[in-house]
Amino acid sequence: MIPLSWYLFLSAALFCIGLYGVLARKNAIAILLGVELMLNAVNINLVAFWRYLDPTQMGGQVFAIIVFAVAAAEVAVGLSLVISIYRTRGTVVADELDMMKW
Amino acid sequence: MLNPWMFVGLFLIVGLLIPVAAIVLSALLAPRKPNPIKLSTYECGMETVGDSWVQFKAQYYVFALVFLIFDVETVFLFPWALALNALPFFAVVEGIVFILILIAGLSFAWRKGMLEWV
Amino acid sequence: MNFWTDPIKLAFDGLMGLFSSWGMAADAAAVVINLLGIVGLISAVMVLDILLVWVERKVVARFQDRLGPNRVGPWGILQPFPDIIKLILKEDITPAGADKVAFNLAPILSLGSVLFLWAVVPLAATIYGVDLNVGLLYLVAAGAVGTLSIIMAGWSSNNKYALVGAYRMVANMISYEIPMVVALLIPTMLAGTMSIKGISDFQLEHGLFFFLTPLGALLFLISAIAELGRSPFDLNEGESEIVAGFHIEYSGMKFGLFYAGELLHAFTFGAFVGVLFFGGYAFPLPWGATNAFVAVFNVLFKGMVFYWVIMWVKYTVPRIRIDHMLAFNWKFLVPVSFTLLMVTAIFHSLLKDTGFWPYTLGMFLVNLIFGWLLLEMLRSRGRAEREQAEAPSTAAQAAHH
Amino acid sequence: MGAQILFFLCAALILISAIMVVTVRNLIHAALWLIATLFGAALLYASLDASFIAVVQVVVYIGAIAIMFIFAVMLTRRELLIKTDQTNANWPLALGLSAVMLVALGYVIGGFGVTLNTTPAAIPAGVDPLTLLGKALLAPEAYVLPFEVASVLLLAAMVGAVYVAMNKK
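Just so you know, the sequences run in chain order A, B, C and D.
Take 1 as the starting number for the first sequence in my numbering and just add one per residue.
Take 1 as the starting number for the second sequence in my numbering and just add one per residue.
Take 1 as the starting number for the third sequence in my numbering and just add one per residue.
Take 1 as the starting number for the fourth sequence in my numbering and just add one per residue.
Some hints could be false.
Calculated lysine-lysine pairs in the DSSO-like style (CA-CA distance at most 30 Å, straight line) [to be verified]: (1) 57(B) / 331(C); (2) 57(B) / 100(C); (3) 100(C) / 33(B); (4) 314(C) / 57(B); (5) 86(C) / 100(C); (6) 86(C) / 33(B); (7) 135(D) / 352(C); (8) 90(C) / 314(C); (9) 33(B) / 90(C); (10) 331(C) / 112(B).
None of these hints come from the bench; they were simulated from the model.
Same shape as in the complex, but just chain A (with noise of 0.2 Å):
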């Protein structure tokens, strides 16, 4: 059978994935598309726990929902708040966005 450490190691690379992802894009959505990695490995955590500890509980579903919910809100968010930079600086190159550095 597989341990459950497989899935959590499997989650910290995705999660670790995703932070280089952040890190290193230029482009926002970019940036947006690594965040939506790390949230992804939260949820591979969250559920390989919850079958592995105890299935009659629910907490590790319902919080991977409540994760789902966050994700749909950080996305709308995210992506409306870029193109509306877009619209006002036309650029999304997250690098070039300094106007508050002091």
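Following the hints, position chains B, C and D against chain A.
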């Protein structure tokens, strides 16, 4: 019997392989004589101007946004509908509160004129 | 174990015996037999699909006072076969500048997303692909794959018309997904299960869901038509503005896959209306509950009936404009569907313990009153708008005289 | 054995497509690779008997979130035409940080050692996790508050997003 999800997995594989087989069969049997005119983009005989990345109406995006929120919320209603028979009437009230919050969002979007196609 | 009640089990046991006599492990044999079953089911569905091409052409011809295909075979029923041979032998053109992988993947996913649905259709008490406990959401998930295939096709074609067509189609599909999901919530609530087979079986004992929620069935049918992108919601293929829509650059077999997918999708949704709201496999012929062959006939018959209804709508109603399409969904269907869901939830909880007749009649009555109120509201609203529209012109006329 | 092969296939699908998401240049391709990642995760959930989470993953992520991403990329298309690098100047630092993070997480998880289960817990006969989920989401002593708050969160997100996206100078 097989685990239902194993069955679904097999079904997905076969369901994708059949269209692939159709395309492969066609690729093996059909002629292939490309030329630049044939491969050009079909735009009613006009010369194609620029690339196809036309800027489309932001309204599509706004509708997708409203859809995203509603999709997530209606999907959350499935466990509610499922467990309704086994729960007291209070559960119905909880679900209705949930739906009313949803409808409040819809009426906000309506008021703001987001649902207009301008 | 009877041949008439459970032919699948009989075939399964027979093959199992055969394979184990060859020395195959039981697990591996089960997988192989299931695989054979899947291939059999999908092949049957594809044969049905080929037949649908003929049905569609023949019916549209009758609607338009033509004869339709009538040369190849009796009543032209063999016409689809030359069509298929033609599609296979046609040159397949991938336009320059297309994104090759996405371009080729799109038609595969498009037909695949429809074929996936047949995994959960209960054809009889004993003949079904799989009894998923989240069957209804699986249906919605397969629809999501279909949406994805359309946006992939539109984007990868490198054609402005294709892109615009894909946007319209996707806006249409995602908008009408909301009322469809709500319409699916109602049978879930009534039966207390999301499994499609469970809902089908439930109606065997408790009566057709059509009588409990006629408006829900209507809502599902309307949003299914929209989801299919069929007229009056076929904005993706306005010939005068965007030519053929998202599949404009597809030719040969790939176009054929989109076409086959669309027809099969319509029939499949027809079958789902039958299964979810009209008693599954045991209606209209009640022997369907025990006889597997009658049951399959029942399901396919109802699928054909509702497919015919969808075609009837398609060839009668003109195309609507995109702003009307979106307004009809978001300003009418979505609020109505949520209100209907709340009303159904309240009355279902109040009435469910009152016995069969009070429950059924009560639910039906509630739906009737709801529908009547809705029509009254629409009528008064329509009158108000008409008066508003006519008022300035009459004033202007009066001033003129 | 079969379950392990399945796990490795899913893991390979998830990780390879995740790497493509963060490295590929064309953002539409990145979004399509994201869909592959999410689908792999859905397969994983299905193999963990979390049917509801698996289908919701497909419906919400692939059917809605991925579509939103593709729409947003198309709206901001000018950036796509730039054929320059899509990574910023800090990418080696980011890579190093992620690698350190991975090693640290791996160390922590490895440190759990024997305290982690090696086999899934048994689901008691006659218990349907799906019904339990519905009851847990609605029971006042369990998760009814998060359930309603999620609805309010989504409402707030919609109001905010609409306000930001619609604002016309």
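Cross-check of the supplied hints:
no., hint, in the structure
1, 57(B) / 331(C), "20 Å, holds"
2, 57(B) / 100(C), "26 Å, holds"
3, 100(C) / 33(B), "17 Å, holds"
4, 314(C) / 57(B), "28 Å, holds"
5, 86(C) / 100(C), "23 Å, holds"
6, 86(C) / 33(B), "17 Å, holds"
7, 135(D) / 352(C), "19 Å, holds"
8, 90(C) / 314(C), "29 Å, holds"
9, 33(B) / 90(C), "11 Å, holds"
10, 331(C) / 112(B), "13 Å, holds"
When held up to the earlier numbered hints, the structure conflicts with none and fits them all.
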